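We have chain A already, so just place chain B with the ligands on it with the hints.
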Amino acid sequence: MSPDDADGANDEPVDDGTVDTDAYSDVWVFVEEHDGDVMTVSWELLAEARGLADDLGEDLVALVIGEDVDDVAGEAIERGADRALVADDPVFEPYRADPYGEQFRALVEERRPAIVLIGGTHTGRDFAGRVAVPAHAGLTADCTELGVDDDGLLEARRPAFGGNVLATIVCADHRPQMATVRPGVFAAAAPDPDRAGAVEQVDVVVDEADTVTEVRERVVGDTADITEADRIVAAGGGCNGDLSPVEALADALDADLAASRKAVDEGWVDGSRQVGQTGKTVRPDLYVAVGISGAVQHVEGMNDSDVVVAINDDPNAPIFDHADYGIVGDLFEVCPALAERVRDGEALAGSEADIEPEAQR
Amino acid sequence: MGDEPVIVVGVKQVPDDDEVRIDPDTGHLDRASAPAVMNPPDRNALEAALGLRDDAGGTVVAVTMGPPTATDVLEEAVAIGCDDAALITDRAFAGSDTWPTSLTLAAAAESLGADVFVCGEETTDSSTGQVPPGIAAHLGWAQLTYAEELDPEFDDETLVARRDVEGGHEVVAAELPVVVAVAYGEFEPRPAGLHRKLYAESEFEPIELSAEDIGLDDDEVGIDASPTEVGGMETVEPVERERVVVEGVDELADELAETEVFG
Ligand SMILES: Cc1cc2nc3c(=O)[nH]c(=O)nc-3n(C[C@H](O)[C@H](O)[C@H](O)COP(=O)(O)OP(=O)(O)OC[C@H]3O[C@@H](n4cnc5c(N)ncnc54)[C@H](O)[C@@H]3O)c2cc1C
Ligand SMILES: Cc1cc2nc3c(=O)[nH]c(=O)nc-3n(C[C@H](O)[C@H](O)[C@H](O)COP(=O)(O)OP(=O)(O)OC[C@H]3O[C@@H](n4cnc5c(N)ncnc54)[C@H](O)[C@@H]3O)c2cc1C
Numbered sequence: 001m002s003p004d005d006a007d008g009a010n011d012e013p014v015d016d017g018t019v020d021t022d023a024y025s026d027v028w029v030f031v032e033e034h035d036g037d038v039m040t041v042s043w044e045l046l047a048e049a050r051g052l053a054d055d056l057g058e059d060l061v062a063l064v065i066g067e068d069v070d071d072v073a074g075e076a077i078e079r080g081a082d083r084a085l086v087a088d089d090p091v092f093e094p095y096r097a098d099p100y101g102e103q104f105r106a107l108v109e110e111r112r113p114a115i116v117l118i119g120g121t122h123t124g125r126d127f128a129g130r131v132a133v134p135a136h137a138g139l140t141a142d143c144t145e146l147g148v149d150d151d152g153l154l155e156a157r158r159p160a161f162g163g164n165v166l167a168t169i170v171c172a173d174h175r176p177q178m179a180t181v182r183p184g185v186f187a188a189a190a191p192d193p194d195r196a197g198a199v200e201q202v203d204v205v206v207d208e209a210d211t212v213t214e215v216r217e218r219v220v221g222d223t224a225d226i227t228e229a230d231r232i233v234a235a236g237g238g239c240n241g242d243l244s245p246v247e248a249l250a251d252a253l254d255a256d257l258a259a260s261r262k263a264v265d266e267g268w269v270d271g272s273r274q275v276g277q278t279g280k281t282v283r284p285d286l287y288v289a290v291g292i293s294g295a296v297q298h299v300e301g302m303n304d305s306d307v308v309v310a311i312n313d314d315p316n317a318p319i320f321d322h323a324d325y326g327i328v329g330d331l332f333e334v335c336p337a338l339a340e341r342v343r344d345g346e347a348l349a350g351s352e353a354d355i356e357p358e359a360q361r
Numbered sequence: 362m363g364d365e366p367v368i369v370v371g372v373k374q375v376p377d378d379d380e381v382r383i384d385p386d387t388g389h390l391d392r393a394s395a396p397a398v399m400n401p402p403d404r405n406a407l408e409a410a411l412g413l414r415d416d417a418g419g420t421v422v423a424v425t426m427g428p429p430t431a432t433d434v435l436e437e438a439v440a441i442g443c444d445d446a447a448l449i450t451d452r453a454f455a456g457s458d459t460w461p462t463s464l465t466l467a468a469a470a471e472s473l474g475a476d477v478f479v480c481g482e483e484t485t486d487s488s489t490g491q492v493p494p495g496i497a498a499h500l501g502w503a504q505l506t507y508a509e510e511l512d513p514e515f516d517d518e519t520l521v522a523r524r525d526v527e528g529g530h531e532v533v534a535a536e537l538p539v540v541v542a543v544a545y546g547e548f549e550p551r552p553a554g555l556h557r558k559l560y561a562e563s564e565f566e567p568i569e570l571s572a573e574d575i576g577l578d579d580d581e582v583g584i585d586a587s588p589t590e591v592g593g594m595e596t597v598e599p600v601e602r603e604r605v606v607v608e609g610v611d612e613l614a615d616e617l618a619e620t621e622v623f624g
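From first to last, the protein sequence lines are chains A and B.
Per the working numbering, the very first residue in the first sequence carries number 1; after that it's consecutive.
Per the working numbering, the very first residue in the second sequence carries number 362; after that it's consecutive.
For the record, the hints were derived by calculation from the structure and aren't laboratory data.
Keep in mind it's a predicted model, so treat the numbers as computed, not measured.
Among the hints, a few may not be true.
Unchecked claim - Partner residues aside, some chain A positions facing chain B, computed with beta carbon under 8 angstroms:
1. 101
2. 133
3. 172
To be verified - Chain B side only, calculated, beta carbon under 10 angstroms to chain A, not exhaustive:
4. 416
5. 456
6. 457
7. 459
8. 463
9. 505
10. 507
11. 516
12. 526
13. 559
14. 595
15. 599
16. 604
17. 610
18. 612
C-beta atoms are modelled at their ideal positions from N, C-alpha and C, and glycine is treated no differently.
Bound-form chain A, shown alone (with noise of 0.2 angstroms):
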């Protein structure tokens, strides 16, 4: 279908099957900020997607929906976009679904960028789910590749089954291309201050009037960013609430603190630190599970770290499979001992000189 054929009464779009194909250019990225603040995958998706805008030839548009959002608009432009388009209004902040969507709907009726990249946070993925119905879009979940093939078509990458199987989805017949990427699996670039690009303000076309939910209370603090971390330990299950031994080796090892979604969602450690599908994807130095059974949903945001150990007091549990080094033992005794170890040894400093062999024994 082409988007003016959208038939407003039931938002329901009539779908004849023909798309205009050529008829959509350019690679847009939602700029996801809340108050000012942008989202690190935002970051991210601009400079993965300035590599695809150059091999379409055409130009990387930066959507900025918010209220007083210029800044934004500006630090996209310094991140790698050739234009930003603004949508500035109160009714935008705080995000909702429903004015957003309508304002993208409209956009993209009048725009028709051939491809929108979303970052996978649970504010992305709500919107992404919601807009992409209306223009009829192809919407692509967790990806982790993202190319264009010789026609000009995108070619989105996501694991499936477990990580098995890498599954590249197109979408010849309909626009945009849409594709959402979690957080940490592509590297931001520094902004560069003398990049220059327009910034063109765009009608607002929501009312508030319209609008059928209200967000009566936010409470949001700092977000941890772990995706940068070169040494993580992460705690699990196995903590049983006591995280004192895992800190004490994340202390000693000088590394960040992170987590499985069962230690998340017990409330142990904030989500913000959360490792896997449904949280972040991190690729350290070393990263050392602890008390982590090693579901597929885990492993999958874990599994490109160059190091992993695993402590874990089942010798079956599938981690061991997705460990180089293992200790099969109690974490409330592993990690104390290793903490001491890691601040003793001198082997850990980095001289092995300096071992001293059955001392600690």
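Only chain B with the ligands this time, still in chain A's reference frame:
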């Protein structure tokens, strides 16, 4: 909303992850032989729906879109406490991506007169999480995803949710009708009662609805209406790991000292 709220809950049948075996020849997961179970996050959705009924009355109807064998998950939903259940099944649905899947479930919700459509966060088989916002978009309804708590203010035609967002939470009030996707792990499911279980297994028959029954043409659903297509599948070689089990922290420290991390 009518006098009594109608709460529809979406449940999907998926291969049981816990039973997925590693094929010893290829080293890959063998999902085909795994038994089919209810998508685990949908258990939380069921509990959320039943909790709304506890608080505000009304009826809870489980729906699944799938082949007739998916009736199993409907029986389970009825055993846990749903008043009724509907199997949305039609050959025309084959090959649906999330666009027609959410259209089909949206049409079913309308046919059943739903005021609230409760879903799981995402499935364990294709894990897109796109279906709940898709249903809301097709219907032009409000949506509340990643819901951790629900508070029905149905007298005011409103459902309030505490939503899990990056770094915190927010409390959002939505006008009915509304689609909810509950955060996986919240809403601890209640056990099935024995009496209900016997009923579900012996007497209960689900409502069966075809595309036509819910007002959809064959070309609006299934593969024809799916914008995405799977262009190819590559097997990913499992990441090579040393898989050395060491005896204690000294041996571990020695091994680690050899690695690039510390070397
Ligand atoms: C390898 C592979 C990759 C795929 N990738 C994509 C993709 O990127 N984009 C895309 O559009 N499609 C994709 N699909 C198609 C997609 O799997 C189907 O459309 C699927 O039926 C719905 O998606 P889901 O399982 O991810 O649902 P989700 O959106 O994860 O489901 C969320 C909730 O919605 C409810 N729900 C979902 N399905 C049903 C149902 N059948 N009956 C009742 N309730 C339900 C449940 O409450 C569930 O917890 C893919 C399929 C495969 C095999
Ligand atoms: C849709 C969906 C998305 C998901 N997304 C994610 C995700 O992003 N990230 C994620 O992590 N999970 C995710 N999960 C959950 C995942 O399936 C597992 O349930 C979860 O990873 C389990 O966490 P765990 O291994 O820490 O805890 P558990 O399963 O409780 O395992 C605890 C482990 O600790 C060991 N242990 C217990 N006591 C001790 C001790 N004293 N000393 C040493 N070892 C001990 C046990 O042997 C066990 O192996 C998701 C699930 C679903 C359905």
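Just to be careful: measuring from the Cβ of residue 505(B) to every Cβ in chain A, is the smallest value less than 10 angstroms?
Since the shortest Cβ distance to chain A is 8 angstroms, the answer is holds.
Could you check if residue 559(B) really has its C-beta closer than 10 angstroms to a C-beta on chain A?
violated, 33 angstroms
Against chain B, is residue 101(A) within 8 angstroms by beta-carbon distance?
Hint on residue 101(A): holds, closest Cβ of chain B at ~7 angstroms, below 8 angstroms.
Could you check if residue 610(B) really has its C-beta closer than 10 angstroms to a C-beta on chain A?
This hint holds: residue 610(B) lies near chain A, its Cβ roughly 4 angstroms from the closest one there, short of 10 angstroms.
Against chain A, is residue 459(B) within 10 angstroms by beta-carbon distance?
holds, 7 angstroms
Quick check on residue 133(A) please, does its C-beta sit within 8 angstroms of some C-beta on chain B?
Hint on residue 133(A): holds, closest Cβ of chain B at ~4 angstroms, below 8 angstroms.
Does residue 604(B) hold up as a contact with chain A if the rule is Cβ-Cβ below 10 angstroms?
holds, 7 angstroms
Residue 612(B) as an interface hint toward chain A, with CB separation required under 10 angstroms
holds, 9 angstroms
Does residue 457(B) pass the interface hint, meaning its C-beta sits closer than 10 angstroms to a C-beta of chain A?
Residue 457(B) check fails; min Cβ-Cβ to chain A is 13 angstroms, beyond 10 angstroms.
Under 10 angstroms, Cβ to Cβ, is where residue 516(B) needs to be relative to chain A, so tell me if that hint holds or is violated.
Violated, because the Cβ-Cβ distance from residue 516(B) to chain A comes to roughly 16 angstroms (cut-off 10 angstroms).
Per-residue hint verdict: residue 526(B), partner chain A, C-beta under 10 angstroms:
holds, 5 angstroms
Hey, does the residue 172(A) contact hint survive, CB to chain B under 8 angstroms?
Hint holds; residue 172(A) Cβ to chain B Cβ min 7 angstroms, cut 8 angstroms.
When held up to the earlier numbered hints, the structure conflicts with 4, 5, 6, 11 and 13 and fits the remainder.
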